[in-house]
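Colleague: Here are the chains, one letter per residue:
There are 2 protein chains.
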Amino acid sequence: MSRQVGVIGLGAMGLGVARSLLRAGFRVHACDVRESVLDAFAAEGGMRCATPAELGAHCEVVVTLVVNAAQTESVLFGEHGAVAAMRPGAVVISSATVAPEFAAQLGARVEAAGLLMLDAPVSGGAARAASGEMTMMTSGPAAAYAACEDVLAAMAGKVYRLGETYGAGSKVKIINQLLAGVHIAAAAEAMALGLREGVDPDALYDVITHSAGNSWMFENRVPHILNGDYTPLSAVDIFVKDLGLVLDTARASKFPLPLSAAAHQMFMNASSSGHGGEDDAAVVKIFPGITLPAGR
Amino acid sequence: MSRQVGVIGLGAMGLGVARSLLRAGFRVHACDVRESVLDAFAAEGGMRCATPAELGAHCEVVVTLVVNAAQTESVLFGEHGAVAAMRPGAVVISSATVAPEFAAQLGARVEAAGLLMLDAPVSGGAARAASGEMTMMTSGPAAAYAACEDVLAAMAGKVYRLGETYGAGSKVKIINQLLAGVHIAAAAEAMALGLREGVDPDALYDVITHSAGNSWMFENRVPHILNGDYTPLSAVDIFVKDLGLVLDTARASKFPLPLSAAAHQMFMNASSSGHGGEDDAAVVKIFPGITLPAGR
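Which chain is which? The protein sequence lines are A and B, in order. Read in the working numbering, the first sequence has 1328 at position 69, and its numbers run on one by one without any break. Read in the working numbering, the second sequence has 1362 at position 103, and its numbers run on one by one without any break.
Misleading hints may appear alongside valid ones.
Unchecked claim - Here are the simulated BS3-like cross-link-like pairs (lysine-lysine), alpha carbons at most 27 Å apart as the crow flies:
| # | chain 1 | residue 1 | chain 2 | residue 2 |
| --- | --- | --- | --- | --- |
| 1 | A | Lys-1417 | A | Lys-1544 |
| 2 | A | Lys-1544 | B | Lys-1513 |
| 3 | B | Lys-1513 | A | Lys-1513 |
| 4 | A | Lys-1513 | A | Lys-1500 |
| 5 | A | Lys-1513 | A | Lys-1544 |
| 6 | B | Lys-1500 | B | Lys-1513 |
Since the hints were made in silico from the structure, they are not lab data.
Please take these sequences and the hints and turn them into a complete structure.
Modeller: Structural data, given as C-alpha cells:
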C-alpha cells in the first residue's frame, strides 16, 4: 500500500512538490486556504483535507511549504494544527524560509510532541519543484532522515545534509537568500545604468551573461525586464521578507551586512512604491530618469 | 611576411595576449616598464622595445593593456608615446578599463592623428588571456575592425561589437565591473555571515554554487577565502578604481547606484586597512568578529 504523505501550502513551490509526490506513487493529501487550488489538485488524483489536523491524522510525512514562520506556526500548532493529530514517529519536513532561530525552536517543540522534524528549506524555483529537482538545505536527526528518505528523493534533485542541529539548514538558506536578493538588486542597478547610458539592453544582457559579471539571478531575472513582464514568479515582497530575516539574524549578534542592508532598502522602496506584488525584477522600477522596455 | 603587432603593458592580461599573438604567428613587439618581464618575453621569441614610440614605428596594430586611463594617455600621447610614431591607417586597440567619456575623447584624438582605434576593453581573467579566449567588449568604425580582424581573433574567444561610437565598449565593460565588484563584495558578506553563524564554509560553498545564490565571482573568488590565499590575481585596488569609474560615470548624470556605492566603500575600507595589494577576495577582511580560514 502506498505511503501517505501530506503537503500543506499549494503555492508555486508546494503544488510542484505535491505533483512530484503523486508522480512518485505516494498517496498525497493536501491542504490550502484556496479551495480552487485544492479542487484542481483533487482532479489530478490528490486528496483534499479541510484542515491541517485532518491531513496530519492521515500522514506519515507532512511537508509544510507555506509563506513564512507565522504560517508554519499556525498550520502545525494553531487551531486545527497538524502536530496534535500526527502519530508518534511521523515526520514534519519544514520547508518555508524562516529565521534559523525559529527553526531551532520549532524542532524542539515538534520533538516534544513525539514527532520527528527536518529543518529543510528549498531552492530552485517553481519549475524545479514541479519536476522534483529542487535543491534542499536540510538538518535534523538521522532518525528523521531515515523516516522520509523516499519523500526527499521524490522532491529534490539534491539534498544537502548540514548536520543534526535544527536551524543549520535555515542558516544556509538565508545566506543563499542574501546572495539572491543582492544579485537581483545588482542586476536591476546594472540594467538601469545601461539604460541611463544609452546601451542597448539586449546586447548588454548578451555580453554580461558571457562575462565575469554574470550571476544565476542576472541570467534568470533580467529577461523579465527586457520583456517588460513583471508577472510575479517570485514577488518583491518575498525579498522584503527574506532580506529582513537575513538582517534580523545578523543583528542578533550585532554583525554588519552593508550590501544586504542596501538591497533590503531597494526592495522596500519598490514595495512602498506599489510594486510589492510584482515580480522581484520590478525592483528596477525604483530607478528614476530611465525608460524601461515595454511589454513585447 | 608576418604582420607586425605590438603590446604595451605586459601585466597578467597583456603578457597572455602577447603570447597568444606569438602563437598565432604574428611578429610581436612589446613594451613594459619592468625589464625582467621584457627579458622573459624576448626569450620566448618576442621583440623588446625601449619605448612606446619605438614599438609604434614597427607595428600595424598596437594593443594597449595598461592599468588605467592615465597610463593609456601616457603610452599613446606622452613623451615617447606610440601615436606620433605610428604610420597612417595603423590601429590602436585600447583595452584598459577606462571611463567611457575618456574612451570617446581618446578615439577622437587617435583619429585626428590619422590612425584608427577600437574602444576594446577585455574580460575573462589571466587564464583566458593566456589561451587567447578573452571576451572583448568593442566599439569603433568598421575600418578599424577590418584592419585588425586577425589580431582580435588571436586574442579573444568572443568579440562583442557594440556599435560605431567610441565609449560604447567601455560602457558595457564598466557595467560588467559594477556587477563583478558587487558580486565579490556580496560573496565576502555571505561567507562572513556564515562564519559568524558557525556554518561550515566548505559546505556553504558547495551548496551556494549549486543554488540560485551563485555568481561567476562567488564561484571563482570564494576558494581564495577557503584556502586563506590572498595572493593577488586581481587586487582590491583594481575594484577601488573600477567601481570608482562606475560611480563617476553615473554621477555625471546624477544617477543613483546604491549597491555600487556600498561595495565601493567596502573595497576602500579593505584598502585603507592595508589590503589594497592583496587579492580582491580580501574584502572579506573588513568584517569584524570572525575567524577566517587559515592557509592550507
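Colleague: Can you give the numbers of the hints that this structure goes against, from lowest to highest?
Modeller: 1, 3, 5
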